[in-house]
Structure formats: C-alpha cells, structure tokens
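K.L.:
Read off the chains here:
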Amino acid sequence: MDPAEVPPPLALVDVTKSFGSVRALRGLSLALNSGEIHALVGENGAGKSTLVKTIAGVHRPDGGQVLVDGRPTEFAAPVDAQNAGIAVIYQEPTLFPDLSVAENIFVGRQPRTRLRTIDRARMRRETEEVFTRLGVDMDPDRPARGLSIADQQLVEIAKALTRQARVLVMDEPTAALSGVEAERLFTVARTLRDGGAALLFISHRFDEVFSLCDRITVVRDGAFVSCDPTADLDVDTVVRRMVGREVTSLYPKEDAEHGETVLEVEGLTRHGVFADVSFSVRAGEIVALAGLVGAGRSEVIRAVFGVDRYDAGSVRLAGKRLAPGKPKASMAAGIALVPEDRRQQGLVMESSIERNATATRRWPLSRLGLLRPGAERAFAREWGERLNLKFGDLADSVSTLSGGNQQKVVLAKWLSTEPRVLFVDEPTRGIDVGTKAEVHRLLSTLAGRGLAIVMVSSELPEVLGMADRVLVMHEGRITAELDRAEADEESVMYAATGQRPSEAA
Amino acid sequence: MTNTTDTSTAGAPPRADGRTARRRPQFRELGVLLAVVLLIAATWLHNPGFLSSQGVRDLFLGATVLAVLAVGQAMVLITKNVDLSVGSVMGLSAFGTGLLFVTLPGLPVPVAMLAGIGIGLVCGLANGLLVTSVQVPSLVVTLGTLYAYRGLNHWWAGGGQVNAHDMPAAFLALGRISVLGVPLPAAIAIAVVAVVGFYLARYRSGRELYAIGSNADAARLSGIPAARRVMVAFTVNGALAGLAGVLFAARYGTVDSTVGTGMELQVVAAAVVGGVAIAGGVGTVYGAALGAVLLTTITAALPIWQINQFWQQAVVGALILAAIGLDRLLALRTARKLRGGGARGA
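Top line first, the protein sequences correspond to chains A and B. Going by numbering that gives the first Met the number 0, the letters in the first sequence line up with residues 0 to 504, in that order. Going by numbering that gives the first Met the number 0, the letters in the second sequence line up with residues 0 to 345, in that order.
Bound-form chain A, shown alone (with noise of 0.2 Å):
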C-alpha cells in the first residue's frame, strides 16, 4: 500500500493550548503512522506532558485539529480518545490498587455472560492470553496493590492491547525502570510495531530514542521544530535542536565576592533515589543543581535539609556535622529550604500574609507563649517592604496574592531566621516574567551580602544566567561540575541525559 493513501491513525495539526497566560502548546503538529515507534523528544516544559494529555482527551485543544483516520475528531472526555483506539500510558499508571490484575485490565468492558454477568473465567483465560503475548508471568488474579511500576506498566499495555489500541502513547516510561525492566519494555514495544501499531514514545535518554524510534520529532517551547527519521539524525543535531535559543540578557547576576566554604556535602546517599552525591558552596555563591525532572535534586536537598532521611554520607555546615534527619536543627543551624511547591509545602494558603511570612518566626514575636498580634504585624510588614511584597491587606489569606508575591512571601518566612544557607526549588515555577526577574535580583543581592545559594531549577537560562557553578544530576548523580564560563545549554543538556559530546552516535 502506498503510505500517501492511508492516513495516519493519529495526527494533530496545528493544535494550540494555554493555561492562563501561559501558552503550553503554540500550532503543535505531528503524525503518528501505522508500524512506526515515533519519538518526542524536548526540553522540560517544552509541552510533552500537554500534548500527551490533549491526545488522551484530558485537556481539549484551543485551536487546531486532531485527526482520526484523517478525519476532525474532538475528544470530550478520555473515554472518546479510548473509543478511538487511543491508548496512553502515564509515566505514573493509574490502576484499582483493590481490584485484581485481570479487573484492572477489563474494567467497564468485563467479557460477560449471557445474563450479563461479569465471565470471570474468561476474563482470566484473556488475562493469561495477553500476558503469554506480552511474555509476561503475573497471577491474573492477584490484586495491583504491591506491583512494580513496571508490572503496573505491564498491565496497561495490557489494557491497551485487549482493547485492540491501534495508537499507544507512552509517557516517559522508563523513568522509573531498571535496565532489564525497560529492555523488556522495549521487546513489547517493537512486538506491538511490527504488529501495525502507532507508537509514541517520549523519554529523555537519547541512547533508548536512538535505538527504539524510528522517527524522532524535537519539540521547544510548545512548538514543533523538526520531526526526521532516526538515521538522518545524532544526538548533537537532536540536543542543539532542543536548546537553540539564545540566552537572554534578562538575568541580573551581580558578582559576589566569594568567602569560605559553608556548606559541605560529602558521599550523601539514599538507596534508589540518590548516591554518592558531594558538593561545597562558599559564602556569597550561587550553586545551581540542573538535570532534568526526577533527576533526584530535589530529594538532595531535602536530605540535606533533614526533611527526608539519608543512607550513607556527611553534611557539614561551617565544618561541624548537621545531624541528619532532623529539620530542626538545621534551621538553627542556618539552613533554610524554599520547597518546590509553595501550594503545598511553603504556604498555608488560607492563612493570612503575616501569619504565613512570620511562621518560622514564632517563638521570637510571642512573649509568655503567647504570640504578640502587633510585634507579627510589623514583622511582616517590614519584611514585606524589603522584598518589595504587593499586597491589599496582611490580614488578607495568601490565597489572594499572586504566584510571584506568595513566593515572596515563603522568602521572607525563611530569610527572616538569617540563615548562611538557602535551598530554593524551583524559585520561579509559576511566576510571571516580570516578578520572575524581581525574584532573580533578590536572589544575586542576597549572594551579594554573602549568603551561600543552591537553587534548583528545570529552566536552562536561569540556571546559566544566575549561577556561578553548576552542577548536573543525571538518574540520581552528578554527572557533571561547570563553571560559569563553561556551563551552556549543550554542555548541560548533554550532562543531564547522561551524554558525553564524544559518545555521540
């Protein structure tokens, strides 16, 4: 057959979607063809993740089209794109952990008898058949409680092939695989290919891409930017093709002077999170921890903090051990943590302004246990006018405040205890350009007055326009140390996929 005859199961054409002001996906193009293992490959939110919820019917396009067979299609809910012959495979699975194997592949379509009575017995028999097909040992009577992500995975493709899915998304699926577990994935994987299906296949190992795919599309700030076939393609081309953009001027990087070294992180371990992780950071510095997300930084710094706990490894904070465990004692200790998700972990986000931003304060404004209404009050209100906080009232909930100010707001709570060391997470997820700029600036005068800085961060320009070192963490390790004058997108690219520019195929 003539493959201009047959349309693909699966394209979108020009599909458009924002989030607020934020545009996920800008005129995104891209055909899915029969017997095809298809790559999308891009930098943290270069909008995989929304494109792979479009194609689940999760998220409904503002503009543009998917076609079906090459007919307009518009899913309104999950179901549709399941009726479609759409199946997606989450990098997280969503299984019944109480209901059995079987049940969870069957669900809502359960074979049935002639007084439409669930057919357990053949449910099995087909559960057995599937996983004989997908050369899989699994009880199919045993509950998904208790089963590895990759077993879960397993029961999905499962689901997907009783379904008889003729387009299978999978969502970073090894992230969380050991090698063998993703060999094996990948075995079904081609099985399924060479069998007609459509495959997607989004991962951010080049070796996996380079080997698995045969089609690899690079996608870049919610846009398409090439789509070729494997063989014409090297990871140089793939990873110039994810960064290329300039960096922007828009960082206000003041130089610091550099004083001692505060903070020293020796050999620090958790089996299957992180190892063998060291680093030091001097007084007035500012360290970036880059990789890509599940990289294991921010489970580091928590370690680090005490918040989680650690197997093996020292941290020393002006030469004394922190004992580990115990957040506490860091605080006094001088180490203060802005957590990734002020939502959830920085803010309390019905309580008011000042109660937020004097929260770690608590013991200093109260007299006799009591807190002092007034002594918080100034508090924060004088914190608020350093950090320049826009606010109507402080009684006001930080609920109110926009996602820039309540970060404001987590800085102030933690800057107010003086600490030498400041973790920050992902300081500016969220946050408008213009606040984001004003977050920057607060970061490098801090340095300035010599405060020790490590900052987590998904965004290449901000970590190369802030820091003065960088650190790369690849699958739990840092795989590479970069100065300011060496660190750019490529070097970082290649050392957060676990690349080296000579290995390159």
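Incorrect hints may appear among the rest.
[What the hints assert, rightly or not] Within a straight-line C-alpha distance of at most 20 Å, the following computed SDA-like cross-link-like pairs (lysine to any residue) qualify:
| hint | chain 1 | residue 1 | chain 2 | residue 2 |
| --- | --- | --- | --- | --- |
| 1 | A | Lys52 | B | Gly222 |
| 2 | A | Lys52 | B | Gly143 |
| 3 | A | Lys52 | A | Arg25 |
| 4 | B | Lys79 | B | Gly143 |
| 5 | A | Lys52 | B | Ala215 |
| 6 | A | Lys52 | B | Arg219 |
| 7 | B | Lys79 | B | Pro136 |
| 8 | A | Lys325 | A | Glu349 |
| 9 | B | Lys79 | B | Ala156 |
| 10 | B | Lys79 | B | Leu151 |
| 11 | A | Lys319 | A | Ala331 |
| 12 | A | Lys325 | A | Arg269 |
| 13 | A | Lys389 | A | Glu349 |
| 14 | A | Lys52 | A | Ala76 |
| 15 | A | Lys327 | A | Arg308 |
| 16 | A | Lys52 | B | Ala217 |
| 17 | B | Lys79 | B | Leu301 |
| 18 | A | Lys325 | A | Arg419 |
| 19 | A | Lys52 | A | Gly63 |
| 20 | B | Lys79 | A | Arg144 |
| 21 | B | Lys79 | A | Gly107 |
| 22 | B | Lys79 | A | Pro96 |
| 23 | A | Lys319 | A | Glu259 |
| 24 | A | Lys52 | A | Gln64 |
[Unchecked claim] Label-pair distances were calculated between CB atoms; the ranges are:
| hint | chain 1 | residue 1 | chain 2 | residue 2 | range |
| --- | --- | --- | --- | --- | --- |
| 25 | B | Val314 | A | Gly391 | 55 to 61 Å |
| 26 | B | Ala278 | A | Ala75 | 50 to 56 Å |
| 27 | B | Ala317 | A | Glu128 | 29 to 35 Å |
| 28 | A | Thr399 | B | Ala330 | 40 to 46 Å |
| 29 | B | Leu329 | A | Asn387 | 44 to 50 Å |
| 30 | B | Leu328 | A | Asn387 | 51 to 57 Å |
| 31 | B | Arg327 | A | Glu480 | 45 to 51 Å |
If you are wondering where the hints come from, they were derived from the structure by calculation, not from laboratory data. Quantities reported herein were computed from a predicted structural model and do not represent experimental measurements. Heads up, the beta-carbon is just placed ideally off N, CA and C, and yes, glycines get one too.
For this one, chain A is given, so just place chain B on it according to the hints.
P.N.:
Okay, now just chain B, sitting in the frame of chain A:
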C-alpha cells in the same frame, strides 16, 4: 495491533505452574464468622437457655434490622462515601408505614411495605443527588440530612405515636412466619445480603463501585460514570434503610418519631468490624452483615454473662479498634508478600 500480534510472544519464558491459589479466600469474613460462632458457643455452654427456640428467634430478629442497614451502608462505604442519615431515614419509613395503616385501615400489607421502602428510596436519592451535584463530602451532606430527616419526622408526628393496635394483625405477624425455620424478616435480610453480594461481585456496575472507591481519578480516566454509580449506591442504601424501618415497625408495633436515633454509628461500626474499609474499595456485604450479627450477638450475650449492659459500648468500641488493627496488620502482611510476587517475564 489487531490479530497480527497473536503469534508473537515477545520471548516469553515457559509459564511457572506453581502459582498462588486462584481464589483468594475471604479470611476477613471468616474471622468475623468464627468470632460469632465462638461467642454463641461459649454463651450457650455458659447458659443453654441462650439457644432456646425463643432465644434463636430473638437473635435472628435482633440482627435483621442492623444487617439490612449494614448491607446498604457497605455499598456506600465501598465508593469511599458514607451515609450518616440512615437512622433518620429508617425512622421516617417506620413512622410513615405506621401512619399509612392508621389513615387507610384496609391497606394490603405488601403495599404499605413498598410505601415504606419508597420513602427510604426518595431520601436516599436526595442524599445521592446532593453528594454528586454539590461536590461536598458525603460526611457533611448526610450529617445535614440526618438532622433534616429527623426534624421532618418530628414535625410529621407532632409528638404522637402509632400503636400496635393501629396496625393490622397480618403485618405484626410477619415476625412469626417462618421460612425453612427462619423468621420471615431474617429471611428477607438473608435474601438482601445474597442479592446485593452477588450484584457487587458479578456485575460490571457492581465492580465499578469498588473501582470508584479504589481510585477515583483512574475511574474517571476509564470512563466509569462515577456520579451515576454513587447515586445508585445512595439510593439503594436509602431503600434498604426504608426496608429496615418497615421491619422495625412490624417487629415492635409501636413507633414514634425517635425510631432509629443513633443507629447510623452502629451501622458504620458493623460494616467496619465486618471488614469494609472506610477508605473505600475494600470489603463485602457478607462481611458487613456478619459484623451486624456479631454486634447484635454481643448485646444479647452480655446479660447472660452477667456483664453490666453499660459495658456493651466499651466492648463494641474495643471490637472496632481490634478490627481496624487487624485490617492494618493484614494489609501490611499482604503488602510485604505481594511486593516480591510481581511479574517475572523476559
């Protein structure tokens, strides 16, 4: 990926034959059954009068109302909701049925019974509509309807009551009719347990109740009409509470506007003791009914052991804590066992 992949097995190893048992036995329900049997046996040995024909009849009739309520509550709990209004619904239905006999003396008994069930069904439907449309936790919604329905009942009764001599003899005789040696109300309860149990285990919509309680997001992604299913669970629960009210009226003859007060917590207790998880997705109506039987048996057995009735609540409380502790222990053990037992494929 249609039939073309049938022949390929992706390098499958030979399947291991030594798999775990196909049918996972319902240890949890068996445990409660064992507790009931032990308790009855020990009490009988202590005082053989406990199992006289009248004693057995009392045991059956006592457990009937609670068991019917527990079955309905289990359906709601499985979807990760709760219905606290069942005591009030039961009261409304009991009073409504009685009043119907007063207003229409010649009314056939089955019609009055259906009317009582209908009252419950309407109350349950209202609960379901509120829970699914307002998106407020069912705990809060049904706490509200608990008081609303009770208030309605007080206003309706106006301080009056319906006495046994207002009810037809045929209705009051329900408890004396036996089916295969089981009093009719108890037989009805057994039938309810069997039917609902079969439905939950063998029908798609029944299994979907478990799916909703187990992972609501995944249920949505799988295209399960969650709101409709939850509404059905509440409606059935209401109808069963109505049936419980009718059975209560038939047994005691005298009903006022306070019937069923405080019943809701006993019902939840019965379901939890029987292995229905408050967190949803787990448990069977068989367990819930057995839990109801266990609680009733304890109430009946305490006087025979000459234990002060005041201890009853403490015993029930201890039982709930023990049941929850046991569930947690079993869950941890299975989790440990299951973690090792995943797929061992290529």
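K.L.:
Now tell me, hint by hint, if it's right for this structure.
P.N.:
Hint by hint, here is what the structure shows:
| no. | hint | verdict |
| --- | --- | --- |
| 1 | A:Lys52 to B:Gly222 | 15 Å, holds |
| 2 | A:Lys52 to B:Gly143 | 38 Å, violated |
| 3 | A:Lys52 to A:Arg25 | 15 Å, holds |
| 4 | B:Lys79 to B:Gly143 | 18 Å, holds |
| 5 | A:Lys52 to B:Ala215 | 18 Å, holds |
| 6 | A:Lys52 to B:Arg219 | 14 Å, holds |
| 7 | B:Lys79 to B:Pro136 | 10 Å, holds |
| 8 | A:Lys325 to A:Glu349 | 27 Å, violated |
| 9 | B:Lys79 to B:Ala156 | 34 Å, violated |
| 10 | B:Lys79 to B:Leu151 | 28 Å, violated |
| 11 | A:Lys319 to A:Ala331 | 13 Å, holds |
| 12 | A:Lys325 to A:Arg269 | 16 Å, holds |
| 13 | A:Lys389 to A:Glu349 | 18 Å, holds |
| 14 | A:Lys52 to A:Ala76 | 11 Å, holds |
| 15 | A:Lys327 to A:Arg308 | 14 Å, holds |
| 16 | A:Lys52 to B:Ala217 | 14 Å, holds |
| 17 | B:Lys79 to B:Leu301 | 33 Å, violated |
| 18 | A:Lys325 to A:Arg419 | 17 Å, holds |
| 19 | A:Lys52 to A:Gly63 | 15 Å, holds |
| 20 | B:Lys79 to A:Arg144 | 17 Å, holds |
| 21 | B:Lys79 to A:Gly107 | 19 Å, holds |
| 22 | B:Lys79 to A:Pro96 | 14 Å, holds |
| 23 | A:Lys319 to A:Glu259 | 14 Å, holds |
| 24 | A:Lys52 to A:Gln64 | 14 Å, holds |
| 25 | B:Val314 to A:Gly391: 55 to 61 Å | 56 Å, holds |
| 26 | B:Ala278 to A:Ala75: 50 to 56 Å | 31 Å, violated |
| 27 | B:Ala317 to A:Glu128: 29 to 35 Å | 49 Å, violated |
| 28 | A:Thr399 to B:Ala330: 40 to 46 Å | 42 Å, holds |
| 29 | B:Leu329 to A:Asn387: 44 to 50 Å | 56 Å, violated |
| 30 | B:Leu328 to A:Asn387: 51 to 57 Å | 55 Å, holds |
| 31 | B:Arg327 to A:Glu480: 45 to 51 Å | 46 Å, holds |
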